[in-house]
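Protein chains in written order, with numbering that gives the first Met the number 0: chain A, 0 to 342; chain B, 0 to 199.
These are calculated hints, taken from the structure and not from any lab test. Be aware that a few hints might be false.
Between beta-carbon pairs, the in silico distance windows are [unchecked claim]:
#1 Asp-1/B <-> Val-62/A: 46 to 54 Å
#2 Phe-329/A <-> Met-17/B: 45 to 53 Å
#3 Arg-168/B <-> Met-29/A: 53 to 61 Å
#4 Gly-291/A <-> Asp-170/B: 32 to 40 Å
#5 Leu-49/B <-> Gly-182/A: 52 to 60 Å
#6 Phe-146/B <-> Phe-65/A: 54 to 62 Å
Ideal Cβ placement from N, Cα and C applies to all residues, glycine included.
Residues per chain are reported as follows:
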Amino acid sequence: MAELLQPIHTLGEAWFGFLWPLLWTLVKVMVLIAPVMFCVTYLTWAERKIIGYMQVRIGPNRVGIFGLLQPLADAVKLFCKETLIPLHSDKVVFLLAPILTLVPALLVWAVVPFSPELILADLNIGVLYVLAISSMGAYGILMSGWASGSRYALLGSLRSAAQTISYEVAVGFTLIPVIMLTGSLSLRDVVLAQQDMWNIIPLLPLFGIYFISSVAETNRAPFDLPEAEAELVAGFFTEYSAMSFGMFFLGEYANMILVSTLGAVLFLGGWLPPVPMLAFIPGIVWLLLKIGFLLFVFLWIRATFPRYRYDQLMRLGWKVFLPISLLWVFLTGVTLHLLGRVA
Amino acid sequence: MDMLADLVFYLFAAVLLMAALGVVTVRNPVHSVLLLVLAFFSSSALFVLLGAEFLAAILVMVYMGAVAMLFLFVVMMLDIDFDLLRRGARDHLPVGIAVGGLVLFELVVLVAGVRLDPSHAHPGAGLAHSNVSEIGRVLYSTYIYPFEISSIILLVALVGAVVLTARKRSDQKRQSICEQVARTRDQAVELKKVASGQGA
């Protein structure tokens with residue numbers, strides 16, 4: 000593979016000089032982002048189909064076979080609509096907010112390992128990078144709520160930001176035992192350390208906490224309080240229309256795929272097969288299967304459970320999940336010490 | 000590659016300086032906080048260029064993810080009269096100039112007194128391990144007491160804030176899960192026999 004790309008590199012360096020590494024990185028980023036955006040659009044289709052069948056409906060079936068062209072039709076519709084900007088809004092912040100919601104969801108993909116070689120940037124602080132970038136997502140929500148100049152949007156954004164921050168704490172603490180078992184912050188090392196046993200076996204309760212918290216962090220049902228339509232119209236994106244609304248939508252789905260991927264990498268062994276016998280199937284297939292399963296559970300939950308109340312949500316995060324994950328950090332430390340695996 | 004690193008440095012340094020200037024000059028306090036966030040982000044990018052990626056990640060997590068977020072919450076919820084704010088600024092101008100001048104004087108003295116050595120520009124370059132494990136080693140051995148004591152101080156501050164603000168209010172309805180679960184049919188349902196035609 001490296002030899003095949005050599006002529007391109009030589010040509011690029013001849014044409015662009017010292018700017019070539021920058022351009023080459025851009026190309027790699029595009030190769031990574033395009034499939035992610037494709038998956039995002041088809042996740043919306045999958046959601047409508049799966050929830051449709053769960054509720055004994057058919058779901059979209061008019062545009063293309065099985066409604067397969069529906070996402071394209073939706074995208075065209077969103078692009079053709081007029082972007083409305085409310086009179087009392089802060090225009091710059093109002094238009095920046097949706098971009099700031101979508102961008103962090105795409106930035107994190109840089110450190111996701113698809114196979115031992117296929118990884119854009121194998122940072123030695125991978126896990127910290129994930130936490131740092133995903134903490135930026137709440138800014139888009141807060142900015143959109145404030146800039147809309149509407150009470151519904153402001154209340155929705157405050158709720159949503161508080162929810163995101165609270166559950167980030169829980170997610171952060173579930174990652175610490177994973178790091179302790181690995182002894183490294185690189186996501187590639189996290190997967191390689193699961194060669195003998197997936198992290199889900201010693202850390203089963205933490206996987207549950209991670210998954211429920213990530214449902215809450217992505218503002219999905221049953222924790223979709225920011226857009227509780229009965230009380231807040233549509234929450235923080237009440238005033239948005241056309242593609243600025245579409246970007247919030249894309250951000251939400253990109254985040255869903257992202258947290259599912261991270262769940263698969265951190266707890267389900269990433270690209271590793273469940274038993275060594277099945278190693279002839281390529282690692283990327285295993286990873287995609289695991290991501291697909293977790294995404295299905297996301298949709299399944301949405302079709303099954305009623306919405307939580309806000310105070311119940313906060314109690315669950317701070318008074319249930321946080322103590323359990325703190326206890327598990329302690330237990331992991333003690334176990335590692337007793338097994339003599341502490342450096 | 001060095002040219003590229005220089006280019007990236009000047010880009011982020013320019014953004015950082017403009018954002019920092021904007022924090023103190025823009026009129027709207029919410030814009031001020033947002034520019035502060037931009038300044039934090041640019042400075043963390045500069046840390047990455049120095050090879051201090053752990054500090055960069057912590058800067059983003061703590062200052063952008065927590066501190067500036069709280070600022071933003073508070074500033075957004077305040078109903079600020081911008082005219083009043085500007086009038087106050089004019090009254091405090093002499094004091095502001097005095098404090099600013101003093102800080103500038105101190106900075107000049109400090110920079111004049113220290114000879115900057117470019118060979119120390121990349122403090123993380125000579126380390127055997129990644130700087131995460133190196134910082135961890137120092138933090139939990141040499142500086143264990145300052146580290147633990149400062150975390151205790153933060154914990155005390157946290158508990159203090161909760162004790163000062165959390166109080167039982169009589170006008171607030173709270174859910175008690177124990178009471179709900181312990182409720183039986185006898186407490187919840189009352190059967191009444193209403194004579195025909197007498198019911199309200």
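Here is what the structure says about each hint:
About 53 Å separates the C-beta atoms of Asp-1/B and Val-62/A, a value consistent with the hinted range of 46 to 54 Å. Checked against the hint of 45 to 53 Å, the C-beta distance between Phe-329/A and Met-17/B comes to roughly 46 Å, which is consistent with it. Against the hinted window of 53 to 61 Å, the Cβ-Cβ separation of Arg-168/B and Met-29/A comes to about 55 Å, which satisfies the hint. For the hinted restraint 32 to 40 Å between Gly-291/A and Asp-170/B, the CB-CB distance of approximately 50 Å leaves it violated.
Our hint of 52 to 60 Å for Leu-49/B and Gly-182/A is violated, since their Cβ atoms are close to 25 Å apart. The beta-carbon spacing between Phe-146/B and Phe-65/A, approximately 59 Å, falls within the hinted interval of 54 to 62 Å.
Checked against the numbered hints above, the structure violates hints 4, 5; every other hint is satisfied.
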